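Trainee: Under the numbering used here, think of the first position of the sequence shown as 725, with each following residue one higher.
Calculated from the structure, these hints are not laboratory results.
Take these hints with a grain of salt, some might be off.
Claimed, not checked - The following label-pair restraints were derived from C-beta to C-beta distances:
id: 1; residue 1: 857; residue 2: 946; range: 47 to 57 Å
id: 2; residue 1: 1025; residue 2: 796; range: 20 to 30 Å
id: 3; residue 1: 1045; residue 2: 822; range: 46 to 56 Å
id: 4; residue 1: 1056; residue 2: 1027; range: 36 to 46 Å
id: 5; residue 1: 1010; residue 2: 792; range: 16 to 26 Å
id: 6; residue 1: 1000; residue 2: 974; range: 27 to 37 Å
id: 7; residue 1: 952; residue 2: 1027; range: 24 to 34 Å
id: 8; residue 1: 1027; residue 2: 941; range: 16 to 26 Å
id: 9; residue 1: 982; residue 2: 792; range: 51 to 61 Å
id: 10; residue 1: 1014; residue 2: 935; range: 18 to 28 Å
id: 11; residue 1: 825; residue 2: 1025; range: 36 to 46 Å
id: 12; residue 1: 1085; residue 2: 1024; range: 20 to 30 Å
id: 13; residue 1: 919; residue 2: 1056; range: 44 to 54 Å
Unchecked claim - No more than 30 Å apart at the CA atoms, straight line, and that leaves these computed lysine-lysine pairs for DSSO-like:
id: 14; residue 1: 1054; residue 2: 1010
id: 15; residue 1: 935; residue 2: 1010
id: 16; residue 1: 1076; residue 2: 1054
id: 17; residue 1: 1010; residue 2: 1058
id: 18; residue 1: 1076; residue 2: 935
Note that this is a predicted model, so its numbers are computed, not measured.
Glycine included, every Cβ here is placed at the ideal spot set by N, Cα and C.
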Amino acid sequence: MSPIGIAPTPMPAARPAIARRSAVLALAGIAVLGAAACSAPTASISTRSGYSIVGDDIPVSVCPSEGESRLSDEEGTLISAHFALRVECVASFTEIPEDFQLAYLFGDDAEVLPPEAGFEFTLVQFAPEPDAEAPDEDANEVTGTLAIGDVTWDFDQELPGPGSVYLAVTEADSPVNLELTDAERTQSLDLRERTRTGTIEALYTGEPEVKSDVIEHTVEASLNSGGYNYWVDGWVYSTNFVGTRTVYADGEWVAEPDRALLSVSFVWMRSGSGLEWDIDPEETLKVSGPDGALEPAVVDHDDEDYGDGELRYYDMQYDVPADALEFTLKFSPKGPIAWPEEGIEMPVENEKTHEAALDFA
725 MSPIGIAPTP MPAARPAIAR RSAVLALAGI AVLGAAACSA PTASISTRSG YSIVGDDIPV
785 SVCPSEGESR LSDEEGTLIS AHFALRVECV ASFTEIPEDF QLAYLFGDDA EVLPPEAGFE
845 FTLVQFAPEP DAEAPDEDAN EVTGTLAIGD VTWDFDQELP GPGSVYLAVT EADSPVNLEL
905 TDAERTQSLD LRERTRTGTI EALYTGEPEV KSDVIEHTVE ASLNSGGYNY WVDGWVYSTN
965 FVGTRTVYAD GEWVAEPDRA LLSVSFVWMR SGSGLEWDID PEETLKVSGP DGALEPAVVD
1025 HDDEDYGDGE LRYYDMQYDV PADALEFTLK FSPKGPIAWP EEGIEMPVEN EKTHEAALDF
1085 A
């Protein structure tokens, strides 16, 4: 019989803000003091216990650029499937510090009187430019509370905007906590102690998606049967691997808070020019992580017509630790190559094992 050749085939690539005051008049009075003619009046703000004020979308950090009021990313960030928030600074004081830009909150000419003894101002500002991103920005699933002592703000499907500042007068050293619940999973920040609880760990480490280098190889196959010689001279396969780490998909959590769902996808040209090369994905692709070999929990595929043949897109899913970021792949396609029209299968003569890596770090 004449040689059958399959040539290399390109594969598809797998502004200052006006503060909103929430103070009750009985608790916080604003009196316009007497002023000389032609001078601007000065507002004096009396801040008793329970006084609070919110400044929305303040474009700058009201805290100094350096100092203990500022939180690191690890101390101030909460990420979930539908939100990503970073608290940039938290500060408590009894008199307004000169190096804080609180004119954005109280106005340029306000005189803010100190609270009574035993009480203090505490402010919380969310980052004007958050660095983190949520996998899905639809906040319909999110509720939460920011509490400074006994003063609380509740959030329901609408979270604090970038730069928002929350300030309250409470007893000195009152707890400061942020708690957010997304699709029934709750995470919290203790902003006094600067600790996080309930974190969905995979969202805080590594990249969500990476790709391996391309692997490519050319094989031959042949068979002598019934007085005929059959052969394939140059079947070229070429593919790469796409890895994703996921915790939430299709409206539900798909991994525990300390785990991640690793998906490894690749495309295989399973037929062309009348020939077929089927592979067993579980035997062909072996994945290992920091703790050794992994067994797929799900193996799935979709087919697509391609020229006179067919492409098969494989997706293999693994349950992995949230902190596992580096994976080694060994890919070993085995024959035979079938010629259905002739009713034969030809052994592959020069099979090869390829090694690839997925590094989410």
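Trainee: Quick one: which hint numbers does this structure break? Sort them smallest to largest.
Mentor: 2, 4, 5, 9, 11
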